[in-house]
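Visitor: Grab the two chains, each in its own frame, and use the hints to assemble them into the complex.
So the sequences go chain by chain: A and B. Counting from 1, one number per residue, gives the positions in the first sequence under this note's numbering. Counting from 1, one number per residue, gives the positions in the second sequence under this note's numbering.
Please keep in mind that the hints were generated in silico from the structure rather than gathered at the bench. Hints may be right or wrong, so weigh each one.
What the hints assert, rightly or not - Pairs of lysine-lysine residues, derived as DSS-like cross-links and limited to a Cα-Cα distance of at most 27 Å, are as follows: (1) B:Lys151 with A:Lys367; (2) A:Lys403 with B:Lys61; (3) B:Lys51 with A:Lys382; (4) B:Lys42 with A:Lys400; (5) A:Lys412 with B:Lys42; (6) B:Lys151 with B:Lys72; (7) B:Lys74 with B:Lys153; (8) B:Lys12 with A:Lys400; (9) A:Lys347 with B:Lys74; (10) A:Lys338 with B:Lys72; (11) A:Lys347 with B:Lys51; (12) B:Lys42 with A:Lys347; (13) A:Lys367 with A:Lys338; (14) B:Lys61 with B:Lys12; (15) B:Lys72 with A:Lys403; (16) A:Lys400 with B:Lys61; (17) A:Lys338 with B:Lys42; (18) B:Lys61 with B:Lys92; (19) A:Lys412 with B:Lys51; (20) A:Lys403 with B:Lys12; (21) A:Lys382 with B:Lys72; (22) A:Lys412 with B:Lys151; (23) A:Lys37 with A:Lys105; (24) A:Lys332 with B:Lys51; (25) B:Lys51 with A:Lys338; (26) B:Lys61 with A:Lys412; (27) B:Lys51 with A:Lys403; (28) B:Lys42 with A:Lys332; (29) B:Lys12 with B:Lys51; (30) A:Lys382 with B:Lys12.
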Amino acid sequence: MADYDTSPALDELLLDISTMIELSDHDRKIAASRYRKLKEFLLRPESHFADVLEDDDTDSAIYAQGSMATSTTIVSGENDDRFDIDAIVDLVVPITWSDDEVLDKLYESLEGFPDAHEIERCTRCVQIRFATMHMDVTVLDRHSEPRQPRTGEIFHSPDEGPTERVKSNPYGFARWFRTSVTYPAREFEESITASRKSLAVNRLSSRSTIAKVDQEELPPGVPSRVDAQEVIALKLMKRFLNLRYQNSELKKPPSIYVAKMAVVAGYQYLGLTEQLDSLAYVIQEDMQNAINANCGPDRRNPSYTVEVLNDRWPATNVDRTAARDEMAALRKSIQEIKEGSLTQISKMLTELFGENVAKRSVEATLKRRTAGQGGTSSYQEKGTGAVLGASILPAPAIAKAPKQDFHSGYYKNK
Amino acid sequence: MKALGYHNRPRKLANQCAIMARLWPSFDYSVHEDGCVSWMGKVRGFQQFYKIAVIWSPVDKDAPCVMLLDPKLKPREGGSFEDIPHLWFNVKDPENSALCLFDPEQNQWDDTMAIAETTVFWAARWLLYYEYWHLTGEWFGGGVGHESIAKAKQSNVH
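Next up, chain B with everything else stripped away, as it sits in the complex (with noise of 0.2 Å):
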């Protein structure tokens, strides 16, 4: 579908607002003493809900964060947080690893777009895979490089 020509301007703060009050009512919104703001609230992995953060700054406009908040991130049992597929990977404090959920060479993400139309459906997706990695310990979801930094490891990428 064609974008229209207002959504190729970069969305303002209240607009994101209001499309995430739209799309996910449920969400919590607030405001960071850093600048940054946050909405959170529940998502469905499988058939699991999850209590996510996504955090984005007005400011500079990066992509929006995505959080585990409860339950938090959980490595296979026998594996380590690393082998946890598609993170931004938090070597100081794993378990509050971000979600990668778009591939940032190719602009899948940039500031036209609504953080309630993208980024929080893209994490609803993410936890549906990782419960299936959970089960059998394959990723179905897809990607680019490596799946995660075990593996990348394993390669010597990083």
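One chain only, chain A, in its complex shape (with noise of 0.2 Å):
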């Protein structure tokens, strides 16, 4: 029997917008393309890095972190479909190089990168500009062995004063949370799938040297997608934080931060927004938190407790009033629109996510509720009516009723 507490329409649309704002396959693949590149273009011959990085055909020098490993890397803006992919740079760094040097010499062996508009040392990578996206080059000095799997050093590097070694392990980091989330149920990993049939976007064009690379399968630096209901909620959650910080001068919480916080949510068995509301929750309870301590908080690596996830923010208690309150705001909205009618989800959603995506979902529920209208009737959830657009719950809750035609008249008091 259906529960009331549960959300199958808004889940429907929140599935849909995940969708819209992820990267479709054809754009991973291109985005993995960057990382191939990237090795083969710091094992050139007059790369800084050519002597320094293994050359052994494994993705054991460079792989993907952050999003890119976690499967959770969404376009930025509501009018902006650039993305952010993040690589790691694995290697023994030379001791005959001095720690302000790393990023110098790294920024040095990227010139001239294939297809890059802009490269730029930042405080502790360089970034590879490309038309929609840009890659974060980090080195990782690899612990000497024997080690924890790839854990090491990075350097943070600011312009003014001495640049100070960071404790990290990335990899450690993408694939606790990886083995964290709870894997989907068939019913769910079907509606995303259908989901993505008719909603993927393609952002990147197959110009230029990528173009064939389409046809290739994806390196191992780039992890297949993990479709857990935690996954989904975090996307959304990046895609509501982009557009709320957009405008803002304060800095917006770090993905990886968020990313532990999706794992401590815990996986809500009553459906997306229910998950969506629980990741909100939990990070606005931290935030309080801090608050009252004045400082943290202290989000660890678990793979690696010596690491501080966000050991850049929040910097004071402007940063945690503004994440609490865009907590609340949206824990509020979420109440709202669980409540409220499609008119009022449609405004609310443009709102949380933006009116592209706000209104793309509502046109794909639309169409797949009326697809069989004519023909035949709806399947509808048992105990509260609602014509379900896909199969989203198992057979026993699904009911369907004779197919009948709407009419009007005149009612006869009698």
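Guide: In structure tokens:
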């Protein structure tokens, strides 16, 4: 029997939105080609890294980190289809290099990277900008063997002041994340597949050096998708934060912190809407506790506990209060749309995730629900009568009433 | 699916009540002074729940009538009740018009059918399309005849 606390229609809209903001398979393959190119490029004779990078045909030296490794890469904003990918260059930094030099040498070695529009040396990485994406390349000075897999130190190298080494294990975090989320039930997986088929967008053109890549398989540097409900909620949260902070002078919560909190929130059996609400709740609580303590939060990498995931955020109670209030606002909106009409939901989703995706998701759900009209009757949820756009509920929870035609006329008072 | 022979006979009130209680256990059942009975409970349109009343006379066994109790029927902004598609339109009290869920000329409902298996599900479908209509101004649920009283008037039918 249906649960009155579930939100199947809202879950469907949110799932569609997540599909629209994620990378399509085509996008992912092309993004993956950048990883491959990165290794080739750093192994050129004129690169500082030619002699220090292992050329062993494995992904051990260069691999995906961040959102690409956790399968949560999304496009950046409402009208901007850019997205970011992150790469780790995992090597033993020669003892002849000073810490201050490492990122400079990486910058010099990446100059002239194919298809790059611009290259910038940042505090912890070198950023390569392409037409519709950018890639942050970070050097990890690996710990000496025996080491915990892929642990090491990255370089925090600001324009002014000395470079500091920061202990890090992004590979371990991604692996922990991927094994900590709850893998989807068959019905949920089928809904995601259906949504992707109808809504996925290819953002990257197939021009220039990347055209042939489309036909190739993903290299090991880019893991397969993770379609857990926690992951979908995380994508939606990242989208929400992108839009809320796009005109703010404050720094938004780092994605790795939000990813950690997505696992802290745990799997919510009532569905995606509850999953997103739960994620907002744990961040809100985390911020409130940090406000009370006037420090923290101190969220660690579970695979390497010396690493503080949010070591650069939040800096002050202003950051904490802003994040807490954004989470409170999101939760309030979720509560409203759970009880709202489609008109109210449409308006609210526009505010939360942007007009384009909100409009397209409503159109998609309408199309699914009206697909059978005129010929067959609809599947409906037992106990609530809700018309289902896709078979997201197990068969025993679904009913089908006889076909009929709506009519109109005058009511005759007896 | 071919109906069982038993179900080709008119259903008694007890039978209707039993199926309602099984499929819609949260609905409240009442007997009225005029001999009509009603079941009141919530069904879902798109996401929102609506409290409806399903009213039926077990004596004359006309088709059951479905009214919206909460929230009440509402026209689109700037429109009128006559614009709302597929109603049994109540001229004296438009807000309390009933939902017109099937075509009586095609005998799409008769008293051999279970109200719980037909009328309540149809009402939920009607509510889904009502919400889409509120959002877009279009009725996507199909139907026969004129969509609304307003459209019928435009065609000088009524």
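Visitor: Now, for every hint given, state plainly whether the structure supports it.
Guide: Now for the hints, and whether the structure bears them out:
1. B:Lys151 with A:Lys367: holds, 25 Å
2. A:Lys403 with B:Lys61: Between Lys403 (chain A) and Lys61 (chain B) the Cα gap is close to 21 Å, so the pair holds against 27 Å.
3. B:Lys51 with A:Lys382: OK: Lys51 (chain B) and Lys382 (chain A) at ~16 Å, within 27 Å.
4. B:Lys42 with A:Lys400: holds, 18 Å
5. A:Lys412 with B:Lys42: The given pair, whose Cα atoms are some 25 Å apart, holds under the 27 Å limit.
6. B:Lys151 with B:Lys72: holds, 22 Å
7. B:Lys74 with B:Lys153: holds, 20 Å
8. B:Lys12 with A:Lys400: Roughly 23 Å separates the two Cα atoms, so the pair holds.
9. A:Lys347 with B:Lys74: holds, 18 Å
10. A:Lys338 with B:Lys72: holds, 19 Å
11. A:Lys347 with B:Lys51: Holds - the C-alpha atoms of Lys51 (chain B) and Lys347 (chain A) are around 23 Å apart, at most 27 Å.
12. B:Lys42 with A:Lys347: The given pair, whose Cα atoms are some 24 Å apart, holds under the 27 Å limit.
13. A:Lys367 with A:Lys338: holds, 21 Å
14. B:Lys61 with B:Lys12: holds, 10 Å
15. B:Lys72 with A:Lys403: Within the cut-off at roughly 26 Å; holds.
16. A:Lys400 with B:Lys61: Holds, because 24 Å separates the two Cα atoms, which is no more than 27 Å.
17. A:Lys338 with B:Lys42: Satisfied, since the Cα-Cα distance of roughly 15 Å is no more than 27 Å.
18. B:Lys61 with B:Lys92: Answer holds: Lys61 (chain B) to Lys92 (chain B) is near 25 Å, not above 27 Å.
19. A:Lys412 with B:Lys51: holds, 23 Å
20. A:Lys403 with B:Lys12: Given that 27 Å is the threshold and the Cα spacing comes to 23 Å, the pair holds.
21. A:Lys382 with B:Lys72: Holds, at about 23 Å.
22. A:Lys412 with B:Lys151: holds, 19 Å
23. A:Lys37 with A:Lys105: holds, 18 Å
24. A:Lys332 with B:Lys51: holds, 24 Å
25. B:Lys51 with A:Lys338: holds, 16 Å
26. B:Lys61 with A:Lys412: Roughly 16 Å between the alpha carbons, so the hint for Lys61 (chain B) and Lys412 (chain A) holds.
27. B:Lys51 with A:Lys403: Holds - the C-alpha atoms of Lys403 (chain A) and Lys51 (chain B) are around 23 Å apart, at most 27 Å.
28. B:Lys42 with A:Lys332: At roughly 23 Å apart (the allowed maximum being 27 Å), Lys332 (chain A) and Lys42 (chain B) satisfy the hint.
29. B:Lys12 with B:Lys51: Judged against 27 Å, a Cα distance of about 25 Å means the pair holds.
30. A:Lys382 with B:Lys12: Cα-Cα ~23 Å, so holds.
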